[in-house]
Structure formats: C-alpha cells, structure tokens
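**Student:** Take a look at the letters that make up each chain.
There are 2 protein chains.
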Amino acid sequence: MSGTELKPPLDGIRVIDLTRVLSGPFCSMLLGDMGAEVIKIESPGGDPVRGQGHHKNGFSWYFAGFNRNKKSVVLDLYSDEGRTDLARLLETADVLVENFRPGVLGRMGFPPERLEEINPRLVVASVNGFGSTGPYTDRPAFDFIAQAMSGFMSVNGPEGEPPLRAAQPVTDLVAGLYTAFGIVSALHGRNRDGVGQAVETSMVNGVLSMMAYLASEHFVTGENPQRTGNDHPLVAPYGLYNTADGQIAISPSNDQVLGRLLAEIGLPDLLSDPRFDSNDKRFARRDELHGILDAALASDTRENWILRLNRAGVPTGKIQTLKEVFADPQIQAQEMAIDVPHGDERGTVRMLGFPVKLSRTPCAARLPAPRLGEHTEEVLAALREGQVTGGR
Amino acid sequence: MSGTELKPPLDGIRVIDLTRVLSGPFCSMLLGDMGAEVIKIESPGGDPVRGQGHHKNGFSWYFAGFNRNKKSVVLDLYSDEGRTDLARLLETADVLVENFRPGVLGRMGFPPERLEEINPRLVVASVNGFGSTGPYTDRPAFDFIAQAMSGFMSVNGPEGEPPLRAAQPVTDLVAGLYTAFGIVSALHGRNRDGVGQAVETSMVNGVLSMMAYLASEHFVTGENPQRTGNDHPLVAPYGLYNTADGQIAISPSNDQVLGRLLAEIGLPDLLSDPRFDSNDKRFARRDELHGILDAALASDTRENWILRLNRAGVPTGKIQTLKEVFADPQIQAQEMAIDVPHGDERGTVRMLGFPVKLSRTPCAARLPAPRLGEHTEEVLAALREGQVTGGR
Numbered sequence: 001m002s003g004t005e006l007k008p009p010l011d012g013i014r015v016i017d018l019t020r021v022l023s024g025p026f027c028s029m030l031l032g033d034m035g036a037e038v039i040k041i042e043s044p045g046g047d048p049v050r051g052q053g054h055h056k057n058g059f060s061w062y063f064a065g066f067n068r069n070k071k072s073v074v075l076d077l078y079s080d081e082g083r084t085d086l087a088r089l090l091e092t093a094d095v096l097v098e099n100f101r102p103g104v105l106g107r108m109g110f111p112p113e114r115l116e117e118i119n120p121r122l123v124v125a126s127v128n129g130f131g132s133t134g135p136y137t138d139r140p141a142f143d144f145i146a147q148a149m150s151g152f153m154s155v156n157g158p159e160g161e162p163p164l165r166a167a168q169p170v171t172d173l174v175a176g177l178y179t180a181f182g183i184v185s186a187l188h189g190r191n192r193d194g195v196g197q198a199v200e201t202s203m204v205n206g207v208l209s210m211m212a213y214l215a216s217e218h219f220v221t222g223e224n225p226q227r228t229g230n231d232h233p234l235v236a237p238y239g240l241y242n243t244a245d246g247q248i249a250i251s252p253s254n255d256q257v258l259g260r261l262l263a264e265i266g267l268p269d270l271l272s273d274p275r276f277d278s279n280d281k282r283f284a285r286r287d288e289l290h291g292i293l294d295a296a297l298a299s300d301t302r303e304n305w306i307l308r309l310n311r312a313g314v315p316t317g318k319i320q321t322l323k324e325v326f327a328d329p330q331i332q333a334q335e336m337a338i339d340v341p342h343g344d345e346r347g348t349v350r351m352l353g354f355p356v357k358l359s360r361t362p363c364a365a366r367l368p369a370p371r372l373g374e375h376t377e378e379v380l381a382a383l384r385e386g387q388v389t390g391g392r
Numbered sequence: 001m002s003g004t005e006l007k008p009p010l011d012g013i014r015v016i017d018l019t020r021v022l023s024g025p026f027c028s029m030l031l032g033d034m035g036a037e038v039i040k041i042e043s044p045g046g047d048p049v050r051g052q053g054h055h056k057n058g059f060s061w062y063f064a065g066f067n068r069n070k071k072s073v074v075l076d077l078y079s080d081e082g083r084t085d086l087a088r089l090l091e092t093a094d095v096l097v098e099n100f101r102p103g104v105l106g107r108m109g110f111p112p113e114r115l116e117e118i119n120p121r122l123v124v125a126s127v128n129g130f131g132s133t134g135p136y137t138d139r140p141a142f143d144f145i146a147q148a149m150s151g152f153m154s155v156n157g158p159e160g161e162p163p164l165r166a167a168q169p170v171t172d173l174v175a176g177l178y179t180a181f182g183i184v185s186a187l188h189g190r191n192r193d194g195v196g197q198a199v200e201t202s203m204v205n206g207v208l209s210m211m212a213y214l215a216s217e218h219f220v221t222g223e224n225p226q227r228t229g230n231d232h233p234l235v236a237p238y239g240l241y242n243t244a245d246g247q248i249a250i251s252p253s254n255d256q257v258l259g260r261l262l263a264e265i266g267l268p269d270l271l272s273d274p275r276f277d278s279n280d281k282r283f284a285r286r287d288e289l290h291g292i293l294d295a296a297l298a299s300d301t302r303e304n305w306i307l308r309l310n311r312a313g314v315p316t317g318k319i320q321t322l323k324e325v326f327a328d329p330q331i332q333a334q335e336m337a338i339d340v341p342h343g344d345e346r347g348t349v350r351m352l353g354f355p356v357k358l359s360r361t362p363c364a365a366r367l368p369a370p371r372l373g374e375h376t377e378e379v380l381a382a383l384r385e386g387q388v389t390g391g392r
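So the protein lines, in turn, are chains H and W. Take 1 as the starting number for the first sequence in the UniProt record's numbering and just add one per residue. Take 1 as the starting number for the second sequence in the UniProt record's numbering and just add one per residue.
Keep in mind that the hints are not guaranteed to be accurate.
Because identical chains share one entry, a pair is satisfied inside a single copy or across any pair of copies.
Distance condition first, Cα-Cα at most 25 angstroms in a straight line; then the derived DMTMM-like pairs of lysine to aspartate or glutamate [as the list claims (entries may be wrong)]: (1) 318 to 294; (2) 323 to 138; (3) 318 to 161; (4) 323 to 223.
Treat the hints as calculated values from the structure; they're not laboratory data. These numbers come from a predicted model, not from an experiment.
The whole structure should be built from the sequences, with the hints applied where relevant.
**Tutor:** Structure, rendered in structure tokens:
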C-alpha cells in the first residue's frame, strides 16, 4: 500500500475539548497533530490564552502555538442550550478532555454516570493538579506550585543554593503528554472491548514520575538527592569546560568513553596517574581535574572540540540560546520550527514543529489555530442534520 | 459490561525491546504498564543499568524501577543465531523499540526494508539524541548534552547566574514518553489500515517542544527568554514568601485570584493603592511588594496559610524534598510509591507508581523487573512451537 493513501493515525477520532490555558490544550493539540478532529469548546469569552503573550496582527502567537489542528465552537455551558449541544456533541465523540478541578464537570451537569449514559464508548480524560482522590483534590493548580510540591524544585538548582523552579511549565506539559498517551491507549482498548473509560493525569504525579533514578536512589537509601548544579552528583569528569573561545558541555557515559576523551585532548596517561585512576579519586579531586581539562582544551576552539570529541564518540555540545537553537542546522533539518499560514490578517505564524516523526503519515498543521467560534455553525449544523462523523 | 472482565488497553500487543539505559526502557515500561507484553532483548552482559545505582540484596533498584512489566530474553545479536531468533521474534511482534544511534540497527542486519519484509505490520520505534536526519545524527547522545543544545539550560537558573541543567534526566524521559505516545498512535492507525510505520523521537526535539510559550514569545519578539529563577518574568506578586515558620510558594493566576489572596492576608486595599494598582507598577516595585507580603504572612504558620489560601482559591504550596513528597498524604492517596515483591532474594522493591490513572483497567505491576535472561527459554521455546501470541 502506498504511503500517500494512508490517513493520519487518529483520523476519524473526534475529540471534544473543554480545556483551557495549557495542560489540556497541549494534550488535545498532540491528538490533533496525530490526525484527530479536535473540537475546542470555548465559552463566549474564549480561552484566556487568546489574550496572553505578545500579539502580532492582533493575534497571540502563544495561543496559535497550542491550538493548531483544532476547530473552535462557542457554547455557553451555563445555559441549557449550551449543555444540550454539548451532550449531543458527546454522543458523536470518541474522547472528551477536560482540565477543570475534579468535580466541576459533574456540577456542570456531566457527572461520570451521565457521560456513560450519553456515550458508553467515550474515553473521558481529565488533567488536573493533584488527582481526583486525596486531601488536595479541590486545590487550585498552577505549574509553580506543582513544581514545588512534587520534589522537582528540591533537586533543581546550583549546589549550596536554594531550590529552583524550571522556567518551562514542565508540570503542565508532562501531564498533557501523559494524558494524550493514556487517551490513545484507552482508545486502543476500546476498539477491542467496546467500552470507554476515564483517564486521568495530574501535574504533580506526572512530573514526580520523572524523578527517575533520583527516586529509586531515594527509595533504596532513604536519603534526599542534593542539588548539584551542572556537576554530576557521582561522576567526574562531567560538566562545563573552557576551550580557547567558550564553554563546552562534556559527559563521558562510561570509562571507555572517558578514555577516548582523554586520548583526544592529549591526556592519554591521566587514567594511569594514581591521583585519577578511579572515579572516586577523580571525584574527590574534581576541581584539580577540572583545571587540567581546561588547560588541555585551551588548545582548540569550541566548534572544533565539539566536532573532534563527537567524532571520537564522546557526548559533547554547547549551551544554546533559543536564537542559536533555531539557527542550528540540526534543528532546521528536523523542522522544529514551522510556519503556519492563518489565511487572513493574522498572517503566517511561526511555531514549534512536531517532536514525533512518523514515516508514512507525518504530523502536519492541517488546520491553523481557529478564530473564536470559527466552526460553531459548521459543527452544530452537522449535528442538526445528523451528519455525525465520530463515535465509532 | 463489568470492568473486572476487561483486559488492560495494550493486552495482546507484543513489544520487542532492544533498548538500554534510560529513554527506551522508560518508553517500553510505559507500554508494559498499559498491558503490552514487553520482551526486553539483552546482550549476554545485560542492560548496563543492572550494575548502576545503589543495590539491595544484590539488586539495583534503579533497574527495577525502569523495567517492571518486562520479560528478559538474552540474545547475542553479534551471532547469526541471535539475529535469526530476533527475526523470528519480530515476525510475531507488533512493535520494535530501539535506542541505538541512527543506522546502527541497519548495520546489525535490520535495515528498514528488511524489517518491512519480516513484518509489514510492525511499528518500528526509535528514540535517539538528535534525530535520524541532519548533521548531528551520528553524534552520541546524553541527557546533559541534549539539555544544553535544546535551549532548556538557557532558561533554567537564577537571574544573573549561568545556565543550569535540571537534575532530572528530562530529555531521556520526555523522549521516551513521546515515543510511547507515537507508538500507540501508530498502532491505532495500523489497526485501521493494516500497515505499520516508523516512529521516531529525539531527546533534543522532545525537550525543545516543551519550551511552550517561551518559544512562541521568542518567535514573535525575536528575543531570547531570560533566566528569572523563582520569580515570574512578567507577573508580580509570584514566588516564594516567608510565613511565621517557613516559605510558601504563591502564584495568583489572574487579577481576580490576586484579589482573593490580598483579602485573605489582610491587605484588601492594596490593589487600590496607586503604587500597586497595575501589574506593571507591582512588577516595577516587586521587592517592596515582596516585603509587604512577607510582613502580612508573618501572622500565621506555613501549614495554615497553605490551607487558608487554597481554600480561598489561591494556588499555594511548599517546596518538598522527596522524603516529604512520599510522606505527603496526597501522594500516598495517589499511590505514587508502590512496593513490588520480586519473589526471590531480591525481596520487595519500592518504586514510583503510575501517573496515568485508568478507571476500568488501572495500570499495575503485573511482573517485577526480570532477572537477566529469565524468560529466554520460555519465549524461544514458544517460538519454536509456533505459539506466537502477537502480530495481530
């Protein structure tokens, strides 16, 4: 079968998207990027992100970057008519995504029993702050708070300095990505068994699950991991080093790679020096070792060392600003910035590309971000005429 | 239909897992947690992580925490016999996951054409450092380097201080999670169209896609986002404040929430004070404002403020160490640490729980992490007898 005949993986899946701001819209965008029909239900005031971030031609590029591949339908869910329209849309849908606080959707007239009654095949996905059971379930959520409560901040920061948040809204995005994974998994099960189910991810749980070996080391030793800045907590050499014209990041992944590093920088005998012949000794003399490496690396430029060391199989790179990232030929080859024409006065908007590459049905910006209510008539008219496309 | 009769979403999916260390094993664990049969192919020396991290009863808890819900089959892929066994396993499989450098799998005898010949329904997933096209495709990958190259470090760190890596291996884990999402999406498409395809995520692309509004602001303004530590780059108040007995994190999400914060801490008139009646003014006088909030918050304890402010709808929390995280009743209610008996001298291993909650078919540790080669005979014997279970 020719690849050109194939439809995107989630083609035919209809997602009713009640989410706003960040975690939920990121999740539904991921589904839209994979080909799902995403119907973004907005209140008459619209997603608050429409008014956030810098605007160009009257349009928020922040909103554009999180809402491609979606249709916008305005419903007033405080009115009977709005709720009736939502119920009818859910009959035609495969997935509902919401990021209200737990319980809010039920109080709006859509508790789990009613959703099951409306459509037993529906996958009902929730992204929230802390999960829907436990003492904090009613608390308002925000990325900064989730970073603090989850332990993320406790290990982020320079050695000897206070805990630090990451500037990226990591807890929103990780939760959105987990939810998208959970939704597609639940769809896979539904395709086999015929019944939908609820899928939930919280911002705290999502980012906590990324503590990886920091968590397993904590469980086995009982100790809290420490903040170590750009140094590795256990391994030397590892970190940022000075070349003739700037810093490079080097992280030899094992002793064999370390040997290749030292050979390439002209210190082939260092590992047989009794001061440095084990990781424990190197770690204890980390500052001294750092000075020796800096002195050796002064003999060539940053770009040359990056080429030479990578060729020798040593993971090496440099710290890049976003300007440098998007000028980087690798990032360009990977099309990680894309230009999406919006077909009107909003013009062409640059946004992040697709991190998942599919060989036969690549992700694409099939639709630009919608104007508020752009698809209300089209979607509701189809409902009235019974032209439902989803619900399979 | 009763939920108890249902099988996990990915039940019946067979994953052949050639990955080692972190990004790939995290991806395949996520698939296993959703019910897939994951067959971890290890070289006779085993996944290097078996020897990493603190051991208890001779067993690495780091390995355990990334390899639950997997079977271990030892194959020597440098031998003809090993490669033949792999080819026969792939005939029975739905998914292949690998995290070699691009091209390595082909040089091992399994280029894309051969994989398609062996099993046209196979979803072939790759996790790598930089992607399989572009000038850096052959470079060795490591989390620290991907954090540096992707722009992540450029925005992580205190204001006025150098760029900083995060201690969590975020680039490995985000790439693994994206790959799992891509795999299940591709399976969904395959169930409809009958053909598999290649799925790829790189560590740099994955974490770059998490730059979110930092990227959209960069695209629209052309400026690089700055490091701002625990302060918000645009909004005040926001950050860490002192109470009678410790710090709290507060992040009012909009002016309405800010009003509730100020009312609760006894400063209801602050927003009508001409020094503070707009965000711009508050931001310009951020230090002065910080002092006023600290003084007001000195009247009660940290725990009380967290309860009071959350009740008032203001996102508020505290920075927790991992010890505090796992003692937190919310984290306990969410079962984010689980104890998995390993059925032998390795005893019971504590590990992270499941961030995606499914209502009908909850994720579970159906299998503990395998001993090296524990399932070699079972899996290869079934192959010989033609008892293949996958490949649907």
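**Student:** Which hints, by number, does the structure contradict?
**Tutor:** Those not satisfied: there are none.
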